[in-house]
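So the chains spell out like this:
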Amino acid sequence: MVVAPVLARAPWWTLGLVSAALAALLLPGAADVLVYDRAGVIGGELWRIFTGHLVHFSAAHLINNLAVLVPAVWLVETRYRRDAGLLFLAAASAIGFALLAGEPGILQFGGASGISLAFLVYACLRGLHEDHRWRAVCMVLLAIVGAKFAAESAGWHFRDWQANEGFVPVMLSHVVGAATGGAVYLWRILGQTGLIRQPIPDHQ
Amino acid sequence: MKWSALNRVVRSTLMSLIFAVASGCAGMHGQHTTTSVVDYLYPNATKEPVAEQGIPVLSLPMRVGIAFVPERGGSTLSEAKKTELLDKVAANFRKLDFIKSIEIIPSAYLIPQGGFQNLDQIRTMHGIEAIALVSYDQKQFTDEGIASIVYWTIVGAYIIPAEKNSTYTMVDAVIMHIPSRKMLFRAPGTSEIKGHSTPVNLSEELRSDSEKGFNQAVERMIPNLEQQLTAFQQKVKASPEEYKVVRSDSGSRGGGALDTVTALLVGLLLAGGAWWSRRS
Chain A
3 MVVAPVLARA PWWTLGLVSA ALAALLLPGA ADVLVYDRAG VIGGELWRIF TGHLVHFSAA
63 HLINNLAVLV PAVWLVETRY RRDAGLLFLA AASAIGFALL AGEPGILQFG GASGISLAFL
123 VYACLRGLHE DHRWRAVCMV LLAIVGAKFA AESAGWHFRD WQANEGFVPV MLSHVVGAAT
183 GGAVYLWRIL GQTGLIRQPI PDHQ
Chain B
66 MKWSALNRVV RSTLMSLIFA VASGCAGMHG QHTTTSVVDY LYPNATKEPV AEQGIPVLSL
126 PMRVGIAFVP ERGGSTLSEA KKTELLDKVA ANFRKLDFIK SIEIIPSAYL IPQGGFQNLD
186 QIRTMHGIEA IALVSYDQKQ FTDEGIASIV YWTIVGAYII PAEKNSTYTM VDAVIMHIPS
246 RKMLFRAPGT SEIKGHSTPV NLSEELRSDS EKGFNQAVER MIPNLEQQLT AFQQKVKASP
306 EEYKVVRSDS GSRGGGALDT VTALLVGLLL AGGAWWSRRS
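Residue numbers (this note's numbering), protein chains in the order written: chain A, 3 to 206; chain B, 66 to 345.
Among the clues, some could well be false.
What the hints assert, rightly or not - Here are some, though not all, of the chain B residues that point toward chain A, as calculated from beta-carbon distances under 10 Å:
1. L161
2. F163
3. A173
4. V331
5. S342
Hints in this document: simulated from the structure, not taken from any laboratory.
Every value quoted in this text rests on a predicted model; they were computed, and no experiment measured them.
All residues carry an ideal CB built from backbone N, CA and C; glycine is no exception.
Work the whole structure out from these sequences, hints included.
What follows is the structure, encoded as structure tokens:
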């Protein structure tokens, strides 16, 4: 009877996403079935829109994305538990459809950075309503994300490990991911109908 | 008696004439034009072994060529007509994501019985990896019905369309992967055109039927090609040991990737900030 609360509090989304990303990288053939493949999606393989974010093309690709994904998902899950699933589904589908419409030249896509940014932006925007220390941290993080977007749209990129990976970093996934995080936040605090209007508790 | 003998001679002569005309009118003649992919690719197959096939490495998106197999004698189709037909096929496949470009190769670049040596030259010149070789087989028959008896009136040969024409056409597209010498898939298209003409405009009508036949056969081949292409895609996915797919253009593969500096900075700030704020 001690086990039940522990299980209930366990960060299942964090564990699930990390396990799935590791499995997609390590299990032979898994990436082929899960990766976002434009022709496959158009041909009806719609699961790829959601699972493509869990596929990474190398260990470096996975480690860099997990560095943000793990703390961001864990924060959302421990503080605003009910929004983790909504954020994943909303960000994954928004990024997937944005790629279909806006990046016809991208035949394959993988990587959880867009999802990570959705969780990060959402957690930070929610953090602006919380105590002063956490609010300060969130403001710095949002400033970093804003600066990153500004620098990248001006054509300034860090191309460290990515240079030899054989893929193009897709800015659109970051922008759409961050925008989805913002949209879910707005939906939570500005919902005008009785159905979705609800006060924001500090911790759920 | 004299009169009846003369009458018999006239009657038998007339009968002979009618038989001669009728047998002539009911005659049939035809023409046959054909090209063969096998003859083009393996001209010395009986003497030399067939070129060894390797595992095709498909670099996507792919540059593809399309051409008519060259004729050994005179050509039924003009170069302009060939380009028009090939363009019609190419237009349906240019929009595909894994096709980078489709080059229409003029007949002048293909040597009859040129084999893979000729294909290698074309590959180098046009920068293509695979080629769709379109061959054809067309038979035209002209039958003369009983109505053709009026040709004896001379005027009838100008106004009575008693020549019955039949045109049977088959076009066949074979998609070859040039470096591996392997056929990827093929699709046919057929047509049957019936028509009538007078002897005077027979050759004109046959030419027109021939063109119609090619148009119709190519239009019927396009959906077959699309169907075979879909089946081929499934085959490639199901048999990775038979076909290797390489993304040659890194621009076609995208990644949601954070650079190390941002990832470390944000990750540490998030984790550290959460811990620091909870301490208060």
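*Ascending list of hint numbers which this structure does not respect*: 3
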